[in-house]
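Q: Next come the chains, spelled out residue by residue.
2 protein chains.
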Amino acid sequence: MSAVSGGEKVATKTAERILFTSLDLFNEHGETAVTSVDIAMELDISPGNLYYHFKGKEVIVLALFDMYRHKLSRILAAPDPDLSLQDFFCFLYLSLDCSSLFRFLYRNPTDLMEKYPALSRGFRQLLLTREETVARQLDYLRRNQQLKLPADSLAPLSEQIGLVFSQAANYYLIKEQMLDQKGFIQKCLGSILFLLRPYLKGDSEDVGVLKELIGELRFNQESSDE
Amino acid sequence: MSAVSGGEKVATKTAERILFTSLDLFNEHGETAVTSVDIAMELDISPGNLYYHFKGKEVIVLALFDMYRHKLSRILAAPDPDLSLQDFFCFLYLSLDCSSLFRFLYRNPTDLMEKYPALSRGFRQLLLTREETVARQLDYLRRNQQLKLPADSLAPLSEQIGLVFSQAANYYLIKEQMLDQKGFIQKCLGSILFLLRPYLKGDSEDVGVLKELIGELRFNQESSDE
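Heads up: the protein sequence lines correspond to chains G and L, in order.
Residue 133 in the UniProt record's numbering sits at position 133 of the first sequence; the count goes up by one each step and never skips.
Residue 221 in the UniProt record's numbering sits at position 221 of the second sequence; the count goes up by one each step and never skips.
Simulated from the structure, these hints should not be mistaken for lab results.
Heads up, some of the hints might be wrong.
Stated by the list, open to error - Far from chain L, by Cβ distances over 10 Å, these chain G residues were calculated:
#  : residue
1  : V37
2  : L43
3  : S46
4  : R74
5  : S84
6  : P109
7  : D111
8  : E176
9  : K182
10 : F194
11 : F219
What the hints assert, rightly or not - In silico DSS-like pairs for lysine-lysine, Cα to Cα no more than 27 Å straight-line:
#  : chain 1 : residue 1 : chain 2 : residue 2
12 : G       : K211      : L       : K148
13 : L       : K57       : G       : K115
14 : L       : K201      : G       : K115
15 : G       : K115      : G       : K71
16 : G       : K57       : L       : K175
17 : L       : K187      : G       : K148
18 : L       : K211      : G       : K148
19 : L       : K175      : G       : K175
20 : G       : K148      : G       : K115
21 : L       : K201      : G       : K201
As the list claims (entries may be wrong) - Here are some chain G residues pointing at chain L (derived, C-beta under 8 Å):
#  : residue
22 : G30
23 : T32
24 : R107
25 : N108
26 : T110
27 : M113
28 : L127
29 : L154
30 : P156
31 : G162
32 : S166
33 : A168
34 : Y171
35 : P198
Every residue gets a Cβ at the ideal spot worked out from N, C-alpha and C, and that includes glycine.
Using the sequences provided together with the hints, build the complete structure.
A: Here's what the structure looks like:
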């Protein structure tokens with residue numbers, strides 16, 4: 001027998017529907033443009049019912065951020081010191097894929113963090129952890145002789161990759177380069193490959209293989225399994 | 001005798017004061033957070049007086065954008081095919097300096113362009129022109145043998161520089177790296193030098209000179225003279 005009653009199951013299901021509908025609306029129109037009433041209308045439930053599950057839009061935004069943090073933290077956890085260049089690109093792919101699911105967070109992070117101080121510290125911490133994880137992986141690749149990277153280039157290179165991760169979507173949007181999710185991820189991976197290219201050892205062969213992987217978005221995704 | 005009457009002079013002066021005060025407030029708090037009434041209060045004039053000069057906040061935003069476009073366009077105009085690396089960094093410096101004076105435009109460009117469609121096309125065009133101008137200068141440097149840059153690297157390198165130009169400020173803000181205007185410009189120039197470094201020919205000597213120039217922000221600024 002389940003410990004969860006039928007009523008609780010329905011409530012959980014409604015809460016989930018609210019979260020996923022909000023995520024879609026935020027991603028499509030931006031968080032600022034979407035109200036609680038919009039969300040209720042989209043779901044065809046009363047604003048009172050919505051309020052029963054989430055006490056306001058802030059609670060929804062924070063719950064979505066928690067989902068994002070949970071997912072991304074698993075991708076960032078404990079990189080393998082023996083990683084290959086392909087493993088690194090697989091990591092980049094997973095990280096970009098996860099972030100593009102929650103892309104409303106990157107649309108206007110400055111205002112979002114000012115509006116929701118409860119989100120601010122966690123989001124900042126997550127971005128710093130991601131940049132540190134990238135730096136650590138680059139350092140492993142350097143020690144494994146897969147990258148000819150001077151030690152003092154680790155920090156600026158990780159920062160440039162962080163910039164692509166968190167700001168490229170807005171830049172493409174401003175320039176009106178319309179990309180679907182797949183096209184966006186491919187373009188970001190291509191930019192990061194460009195950044196790494198001067199430091200690749202085997203060069204042409206590695207680049208060829210990586211370009212092919214990026215073109216097909218076929219990465220060994222063991223680490224993404226739940 | 002001046003063709004401008006005393007009353008007109010006062011009106012022009014008030015209009016200027018409104019613009020510069022608005023610019024300060026927008027840069028400090030973000031355009032979204034500042035209302036016409038805030039601007040009038042800061043200037044100690046009545047909202048009616050403000051309205052006499054500018055029919056709403058949109059008109060002020062557009063007037064400021066026009067100032068920015070005018071200034072930046074002069075910097076972007078007709079780069080010299082014989083330019084040196086130092087000339088290129090002088091151009092980057094002037095361009096960053098000008099943009100940081102109008103930094104509210106870069107705080108949240110996606111929402112700003114959606115809110116003010118009249119700004120949207122001009123801003124997009126300006127960013128594209130800047131990226132093209134950077135690409136053209138990189139190409140000159142390549143042809144002058146100052147950069148060992150493969151031809152197919154021009155576009156991705158210009159795009160990465162464009163990303164630093166237009167998005168780095170937000171990225172530093174999110175990471176809580178607090179920088180004053182000078183520190184911000186130095187950090188951006190340092191990032192761009194890092195991007196170019198693999199392609200520099202003389203390397204160590206050039207890098208030393210450029211690092212010194214960036215450290216002191218002392219560039220030959222002929223091209224900025226009015």
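Q: Now look at each hint and say whether the structure bears it out.
A: Now the hints, each set against the structure:
Consistency note on G/V37: stated as away from chain L, and its beta-carbon is indeed over 10 Å from all of that chain's, at 20 Å minimum. At the 10 Å boundary, the C-beta of G/L43 stays outside the reach of chain L, the nearest C-beta of that chain being 25 Å off. Every Cβ of chain L is farther than 10 Å from the Cβ of G/S46; the closest lies at roughly 30 Å, confirming the non-interface assignment. Listed as outside the interface, G/R74 is consistent with that label: its C-beta sits roughly 22 Å from the nearest C-beta of chain L, beyond the 10 Å cut-off.
For G/S84, the condition that its CB be more than 10 Å from all CB atoms of chain L holds, with the nearest at approximately 22 Å. Look at G/P109: its CB is around 5 Å from the nearest CB on chain L, not clear of 10 Å, so calling it non-interface is violated. Once the 10 Å rule is applied to beta carbons, G/D111 is inconsistent with being away from chain L; the minimum gap is 6 Å. Not every CB of chain L is more than 10 Å from the CB of G/E176 (nearest about 6 Å), against its label as outside the interface.
No beta-carbon of chain L comes within 10 Å of the beta-carbon of G/K182; the shortest separation is about 19 Å. Its beta-carbon lying about 4 Å from the closest one in chain L, G/F194 breaks the requirement of being farther than 10 Å from that chain. Every CB of chain L is more than 10 Å from the CB of G/F219 (nearest about 21 Å), matching its label as outside the interface. Restraint check for G/K211 and L/K148: the C-alpha separation of about 22 Å stays at or below 27 Å, so the hint holds.
A C-alpha spacing of about 22 Å is found between L/K57 and G/K115, which places the hinted pair at or below 27 Å, so the restraint holds. Using a Cα cut-off of 27 Å, the hinted pair L/K201 and G/K115 is violated, with the two alpha carbons roughly 48 Å apart. Between G/K115 and G/K71, the direct Cα distance comes to roughly 23 Å. Compliance with the 27 Å bound is thereby established for this hinted pair. Proposed proximity of G/K57 and L/K175 is supported: the alpha carbons are some 25 Å apart, at most 27 Å.
Distance check on the hinted pair: L/K187 and G/K148 sit about 24 Å apart at the alpha-carbon level, within 27 Å; holds. Restraint check for L/K211 and G/K148: the C-alpha separation of about 22 Å stays at or below 27 Å, so the hint holds. Among the hinted pairs, L/K175 with G/K175 is consistent with the structure: their alpha-carbon atoms are about 24 Å apart, no more than 27 Å. Between G/K148 and G/K115, the direct Cα distance comes to roughly 43 Å. Violation of the 27 Å bound is thereby established for this hinted pair.
The straight-line distance between the Cα atoms of L/K201 and G/K201 is roughly 19 Å, inside the 27 Å bound, and the hint therefore holds. The closest approach between the C-beta of G/G30 and any C-beta of chain L is roughly 7 Å, which is under the 8 Å cut-off, so the hint is satisfied. Checking G/T32 against chain L by beta carbon gives a least distance of about 7 Å; that is within 8 Å, so the hint holds. A cut of 8 Å between beta carbons decides the hint on G/R107: the least distance to chain L is about 6 Å, and the hint holds.
At its closest, the beta carbon of G/N108 sits 5 Å from a beta carbon of chain L; the interface hint therefore holds under the 8 Å criterion. Satisfaction of the interface hint for G/T110 is found here, the shortest Cβ-Cβ separation to chain L being roughly 5 Å, below the 8 Å cut-off. Interface restraint check for G/M113: the shortest CB-CB distance to chain L comes to about 7 Å, inside 8 Å, so the restraint holds. Taken as an interface hint, G/L127 checks out: its beta carbon lies about 6 Å from the nearest beta carbon of chain L, inside 8 Å.
Checking G/L154 against chain L by beta carbon gives a least distance of about 11 Å; that is not within 8 Å, so the hint is violated. Interface hint status for G/P156: upheld, as the beta-carbon distance to the closest one in chain L is roughly 4 Å, under 8 Å. Interface hint at G/G162: satisfied, since its Cβ lies 7 Å from the closest Cβ of chain L, which is below the 8 Å cut-off. Taking 8 Å as the C-beta cut-off, the interface hint given for G/S166 holds, the closest approach to chain L being about 6 Å.
For the restraint placing G/A168 at the interface with chain L, the shortest Cβ-Cβ distance is roughly 6 Å, inside the 8 Å limit, so the hint holds. Given hint, G/Y171 at the interface with chain L, holds; its Cβ is 5 Å from that chain's nearest Cβ, closer than 8 Å. Look at G/P198: its Cβ gets to within about 3 Å of chain L, closer than 8 Å, so that hint holds up.
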